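**Student:** Below, each chain spelled out in residue letters.
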Amino acid sequence: MTLRQEFQFSQGSLQDFVDCKRRFQLRYIEQLSWPAIAADPILDHERNMDLGIQFHRLVQQHQLGIHEEKLTRMVNDAQLQVWWQNYLQHQPKDLPEQRHTEFLLSGSLEQRRLIGKYDLIAIEPGQRAIIVDWKTSKHTPKRQWLQDKLQTRVYLYLLTKAGAHLNNGKPFEPEQVSMMYWFANAPETPEIFRYDATQFADDEAYLSELIHTIDQLDIDSFPLTDNERHCRFCTYRSLCDRGLAAGDLNDLEDDFSQEDLDIDLDLEHIAEIEF
Amino acid sequence: MDFELAPEQIEFIQQPVDQHIWLEGPAGSGKTTVGVNRLLHLLSKDIAADSILTLVPQPTLGVVYHQAIRNPQHNINGVVDVTTVSGLAKRMVDLFWPLVVEEAGFGKPDQPPIFLNLETAQYYMARIVRPLLEQDRYFESVTLDRNRIYSQILDNLNKAVVVGFPHTEVAERLKAAWIGDDGQANVYDDVQDCANRFREYCLENNLLDFSLQLDVFINHLWSNEQCRSYLQNRYKHLIVDNVEELTPLGHDFIKEWLPDFESSFIIYDQDAGYRLFLGADPFTGERLKESFEVQETLTESFVTSPDVQTLEKRLSDVMERPSHASAYGDAREVIQFEYKQYHPEMINWVADSIAQLVHEEQVPPNEIVILAPFLSDALRFALQNRLEASDVPVQSHRPSRSMMEEPATRCLLTWASLAHPDWGFPPTSIDVASALQQSIGEMDLVRAQLLAETLYWVDDDGPHLASFDQLKHNMQERVTYLMGGRYEGLRIWLNDYKSRKPEPLDHCISRLFGEVLSQVGYGFHQNFDAAKVASNLIDSIQSFRRVAGARPLSKDTPLGKEYFELIRDGVIAAQYVKNWTLQNESAVLMAPAYTFLLNNRPVNYQFWLNVSSPGWWERIFQPLTHPHVLSRQWKVDAQWTDTDEVETNQDTLHRLMVGLIRRCRERVFLGLSELDEQGMDQRGPLLNAIQQMLRNLAVEEDDDGL
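As you go down the protein sequences, you meet chains A and B in turn.
To get my numbering, take the position in the first sequence, counting from 1, and add 1.
To get my numbering, take the position in the second sequence, counting from 1, and add 851.
For the record, the hints were derived by calculation from the structure and aren't laboratory data.
Bear in mind the structure is a predicted one, so any value in this text is a computation, not a measurement.
Do not rely on the hints blindly, as some may be mistaken.
Here are the computed distance ranges between Cβ atoms for each label pair [to be verified]: (1) B:Gly-1421 x A:Glu-205: 49 to 57 Å; (2) B:Pro-1244 x A:Arg-195: 52 to 60 Å; (3) A:Gly-127 x B:Asp-1111: 22 to 30 Å.
Quick look at which bits of chain A chain B covers, simulated, 3 or more residues with Cβ under 8 Å [what the hints assert, rightly or not]: (4) 22-35; (5) 127-135.
Which residues of chain A face chain B? A partial, calculated answer using Cβ under 8 Å [unchecked claim]: (6) Glu-7; (7) Ile-43; (8) His-63; (9) Leu-65; (10) Gly-108; (11) Gly-170.
The beta-carbon is built from N, C-alpha and C at its ideal position, and this holds for glycine as well.
Produce the entire structure from the sequences given, and follow the hints as far as they go.
**Tutor:** In structure tokens form, the structure reads like this:
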């Protein structure tokens, strides 16, 4: 079994490959459902994810111009209320006017498609583009951890490489692009990553190498990770004989990523089938 | 698309990018190929991918567009939206909800919408209808499973919105068309009352079933300045494929939006309309054509040979229905059949013929489909066994199949009911034996039965599983200590779970799966099919919990217990996208005929089973609704007569035959047996038509001989 031709690489799938090649194989090549619990307490984990989705939706609605008052009255949860007020009071400043929310961008690399789902891209054509990613994780990750994440590399690279149609047909110069992680629990201290030509070249080489490596591997060459810390929050842990119970939610560094859920399976279609 | 395009296809594809084009033609004439390449052409002209909206009637028909967009060779920056009208509607309702929640009459303006799928809509419908059935004797004269009562009431609400009449007029329309006894009028009144109550309940609680999602979108959001501007600013180019399979609501919506697009490309499949029972209306679809200055037609089939086309023509002639197909070939060259007396003989003949095609003629298995009006479990099982025994890979596709029929589902629910004894659904000893066999690696049914019969019992305190130690030594040895240890692992986990605060049902099953059943030595470890079923079950329970939990009907009844009650009521599981997209591309497909048609994929060989069945002709029994009366083509106040019934059934059969034949390249095999699956002698209209056609051909041959 090999990766489907129409498979689209994303920051999530590439991060999976970097964390554990076997996980990548199970999830994306074999498309194996393995419905174990990812993190405990599961109810808290689920609530965090729900609130994260609600927060992203509220911000998207606000960015689309729906009146703040109409949105605020929809906020019925204390935690969400805190995040929402943090957003209203400490929105990222100096963002360009042209906004693209929950925006999908894709481009080709190594004869493959690379795709990213952006929370917000704010653009001043010909001048600058700012990627904003809303983070609702309990802990604020360290800057180095964010810098090493595939999300940072893929999002900056992809907008530079494939965002010309957002810039009157002209590709952005790497120096025109930056990415901001905005934290709902620490709204006054966002992390900003500026891009440049050197980093762009590094990222292109790195991402190409990753994709090339994946395409060259045969089915027996997707070994389990040596770092068993990655197994704590991996649902395949029982399949790989890497433990019984899920990891502690308090040790989870990142919030969930909705991106990969949305990209491959467009669940909105279910209702159409039912009728 | 890897194959060469015909000159007329290239001409249509390369029309100017500001052109509004209507393209029609029969199935197999390459319209979708043109549509996909038109999309690629727009992209090659630097049109932004996210400004193109591609609408299809259902997701399966959008797969070729997705594949083209995702093909890295096409080097596309950005993502084209390929969706359905209802998909778009749901997205817009979700996004712009705060703007219309009050105007649309919802009772909780400070709360988000709750979208219902078929299961959850039936759950709320059941809660409304059940007391009326039990206390007020609603639907007394109707013999119908409860889940079908619920689904037909929902179907009426759906028909009202897609056809475009108030949902409060359902009974009036149905009664006006009815010419039978007066009792049926009461039934329609019951239907109306239930539909009204359901709609009121939904409005009160921000619940949106399929019909209300569309209603809110079309009647409130589409006229809302902010939502409309969002759509108009985002999408500049429109492609619609299989427009004939959309509903009148979809056609009205497109017609109104059309002038705002810089370009459009609408594809109409002549003689189709297979989703009629879902509200599709090829007639309102065809009327869209008037809006286009450029109207093009493709006529030549890229799929069918002259012989296959002749088969279409000959069958159409016999059925006295028009056909533009040519009749220059010989229909007998492309049909193959053998009369068998008994149904199993016919199954054997089909399996042998397929094995011969695959093994001796090297036909790829995915170039073969087995079609029937309905695919019963028995038929599916018999064919699957026979084909697998002949080393032919096979996959079945039956959309209405409930996941509750899967052994892995039953196994998980058995353990869940033991984990929640207070819910009052104690499994039988047979259930427990079967679950043990599924759960414990290498355990056979004999050992599983031994354990279930000796260590499982139900008394006034509920169900109990005793320890393996309580088995006599000789029995322990028979079971083996290895399996006894695994049994104990499972039993201790269940006991431990019962001693804790109960979790939601989906979490319980997910935890049981991860911590026990999928561990080394247990039955779900390395069992990927069972894991997929478990995943579907957990998704289903979770989606139920998240919806029903937001608006619980009872504070006293745990939602997990309510889910068990849904199962008992036969409410089917929602469909999952994975089931539709993750198809084995190298296997023979077994599917109901309409499912195959709506996959829109030609094949070399088709096997039509149960040709003598009237199921090919009759519409399904729906005493609470009516797809033809509740359509825009029906004249309100007209009466539905036997003649209407026969005529529409003939039309339906003809449309089905033509659709299948136009998706067949080489040959149709007819599965004929004197007696059907139930041992009954049947002679349905399809068999009659085929026999008449063969007689005509024989006479012509004799005449030619003279």
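**Student:** Does A:Ile-43 pass the interface check with chain B, least Cβ-Cβ distance below 8 Å?
**Tutor:** holds (5 Å)
**Student:** Confirm or reject the coverage of the stretch 22-35 of chain A by chain B under the rule of 3 or more residues with a beta carbon closer than 8 Å to the chain's beta carbons.
**Tutor:** holds (count 5)
**Student:** Does the Cβ-Cβ separation between A:Gly-127 and B:Asp-1111 fall within 22 to 30 Å?
**Tutor:** Holds, since A:Gly-127 and B:Asp-1111 (Cβ atoms, about 28 Å apart) stay within the stated range.
**Student:** Quick check on a hinted range of 49 to 57 Å for B:Gly-1421 and A:Glu-205, using CB atoms only.
**Tutor:** holds (56 Å)
**Student:** So, A:Glu-7 near chain B? Judge it on the closest CB pair being under 8 Å.
**Tutor:** holds (4 Å)
**Student:** At least three residues with a C-beta closer than 8 Å to a C-beta of chain B: is that true for the stretch 127-135 of chain A?
**Tutor:** That given contact is violated, which follows from only 0 residues of the stretch 127-135 of chain A lying within Cβ reach (below 8 Å) of chain B.
**Student:** Using Cβ atoms only, decide whether A:His-63 comes closer than 8 Å to chain B, and label the hint accordingly.
**Tutor:** violated (10 Å)
**Student:** Interface hint check: A:Gly-108, Cβ to nearest Cβ on chain B, cutoff 8 Å. Holds or violated?
**Tutor:** Constraint on A:Gly-108 satisfied, holds at 5 Å.
**Student:** Does A:Gly-170 hold up as a contact with chain B if the rule is Cβ-Cβ below 8 Å?
**Tutor:** holds (7 Å)
**Student:** Against chain B, run the beta carbon of A:Leu-65 and see if the smallest gap drops under 8 Å.
**Tutor:** OK, holds: A:Leu-65 within 8 Å of chain B, min 7 Å.
**Student:** Cβ-Cβ distance between B:Pro-1244 and A:Arg-195: within 52 to 60 Å?
**Tutor:** holds (54 Å)
Of the hints listed earlier, those the structure fails to meet are numbers 5 and 8, in rising order.
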